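Protein sequences appear in the order of chains C and L. Last residue of the first sequence: number 386 in my numbering, and the count goes up by one each step with no gaps. Last residue of the second sequence: number 1081 in my numbering, and the count goes up by one each step with no gaps.
Just so you know, these hints were derived from the structure itself, not from any lab. Some clues are possibly wrong.
Stated by the list, open to error - Okay, derived cross-link-like pairs now, DSS-like style, lysine-lysine, Cα gap no bigger than 25 Å in a straight line:
#, chain 1, residue 1, chain 2, residue 2
1, C, K384, L, K1050
2, L, K1012, C, K350
3, C, K182, C, K43
4, C, K182, C, K207
5, L, K1012, L, K1050
6, C, K20, C, K8
7, C, K350, C, K182
8, L, K1012, C, K375
9, C, K27, C, K111
No experiment lies behind these values; they were computed from the predicted model shown.
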Amino acid sequence: MKNDTRIKIAQRIGSDIAAKHALDVDKNSRFPTEAIAALKQEKLLSALVPVELGGMGMEMTELTALCTALGQHCAATAMVFAMHHIQVACIVRHGLGSPFFRSYCQELVEKQMLIGSVTSEVGVGGDTRSSICAVEVAGDRFTLNKDATTISYGAHSDDLLITCRRDASAARSDQVMVLVRKGQFTLEQTSQWDTLGMRGTCSPGFKLTSSGSSEQIVPGAYADSSSQTMVPYSHILWAGLWLGIASDAVARAATFVRAEARRNPGVTPPTALRLAEVTNTLQLMRSNVQAVSQECEELQKSAEGNESLLTIGFALKMNNLKISTSTLMVQVVHQSLLICGIMGYKNDSKFSLGRHLRDSHSAQLMVGNDRIYAKSASMLLVYKDE
Amino acid sequence: MTIVNDIRQVLKDHARLSADTTTLAEDADLYQAGLTSHSSVNVMLALEGKFDVEFPDRMLKRGVFGSIASIRDAITELTAA
């Protein structure tokens, strides 16, 4: 069920706050503090927490729409928002059998902690389904140390959700997730975050050391929560915010074309043809995001549906969404730039598309498309598409 | 049980487990023994070849390939049909 008010709130935060600081966030590669504070103010960091625990019980399609709304104004804000919710989704969908995680969710509603993601690790070559580090439990306490190649907004996170091996003797792929709270971990920064785009996500590498209570280990295997939650939420919410970036690029191109048309009524400007072309691609992207988001939301409603999230068929669909939207977005932004011409190329113009173009290039790299293609290629050897 | 022995052979050749597949318990968790999503596809392909079956898409999920016993159940279901 859609709640228009919440989408309007996200649109307002996007246009009034995120947009206002987006240039500075990008230029100085600094965290979008103001927009995240506004999202906290509106209790949107606990949107996925079930109503009975005080949250909004928001579903996939609405959350995707929120990411799109933010992505139209500041991609870094939208990415931080999306990454946080991917972590919350793992907790809400796999942790609520535990009293610790139930009470954590209630605290999340009250205090709006920002949760960072620690899935990458030096030595695993970008494969999130492999870990070298292991959580070591002694009595009711654990210790966990990880050399992470990147921690999403690491220095700005309140709490962290970390993937690791189940114990020191477990196989690399036998992973669990551990939530560590502020005060339980230290981070030693090991690299910088001076990137082409997505500069405000501030996600350099860190060496993490942590310890806490063993109840902070998310119940169950990460293999299942990865397939059922982390992968679909990542690819759908990212695709949602990428749609936002692409939509804003097209909106700028359309404004440019209308201005040209007004100068000479009766003559359709040549750029209008290109605009027709790019709106076609944008529609393709939007339809894909909405259809997959809707389907995932429906599947989550039944035990049978949730079981089907574990199938190869569903994994292929997620891979296709990610590859397709991350590729189309770059095309859409590029086509919009051709329409706006020099006015889109200039950084100080209202039609400027430099930030969109730089941000959009991150999409094919964050989980590299070739890695995803290789996985799909392997799965297609046994998948029959019946 | 010849099916189980054949399954063990396929696992030995393709699963790249850290454990010894000839002595692994039938209900032991293969993923905890080191089976990955990549190696599981190779196991599926080898099983399809060995038993001359095709796993329908509904069976292409982690749980079905999670232990020797669950693989045996799937093969038995497909070969009985």
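Problem set entry | Hint consistency between K182 (chain C) and K207 (chain C) [alpha-carbon to alpha-carbon, up to 25 Å] | holds, 15 Å
Exercise. Has the given pair, K1012 (chain L) with K375 (chain C), been kept, meaning a C-alpha gap of at most 25 Å?
Worked result: holds, 22 Å
Exercise. Straight-line Cα separation of K182 (chain C) and K43 (chain C) no greater than 25 Å?
Worked result: Holds, because 19 Å separates the two Cα atoms, which is no more than 25 Å.
Problem set entry | Given hint K1050 (chain L) paired with K1012 (chain L) - CA-CA distance at most 25 Å | Distance ~13 Å between K1012 (chain L) and K1050 (chain L) Cα, so the pair holds.
Exercise. Are the Cα atoms of K350 (chain C) and K182 (chain C) separated by 25 Å or less?
Worked result: Cα-Cα ~41 Å, so violated.
For this session: Could you grab the alpha-carbon distance between K27 (chain C) and K111 (chain C) and see if it respects the 25 Å cut-off?
Result: violated, 30 Å
Problem set entry | Restraint status (C-alpha distance of K1012 (chain L) to K350 (chain C) at most 25 Å) | violated, 62 Å
Exercise. Taken at face value, is the distance from the CA of K1050 (chain L) to the CA of K384 (chain C) at most 25 Å?
Worked result: holds, 18 Å
Problem set entry | 25 Å limit on alpha-carbon distance, applied to hinted pair K20 (chain C) and K8 (chain C) | The given pair, whose Cα atoms are some 17 Å apart, holds under the 25 Å limit.
In this structure, the hints that do not hold are numbers 2, 7, 9, in rising order.
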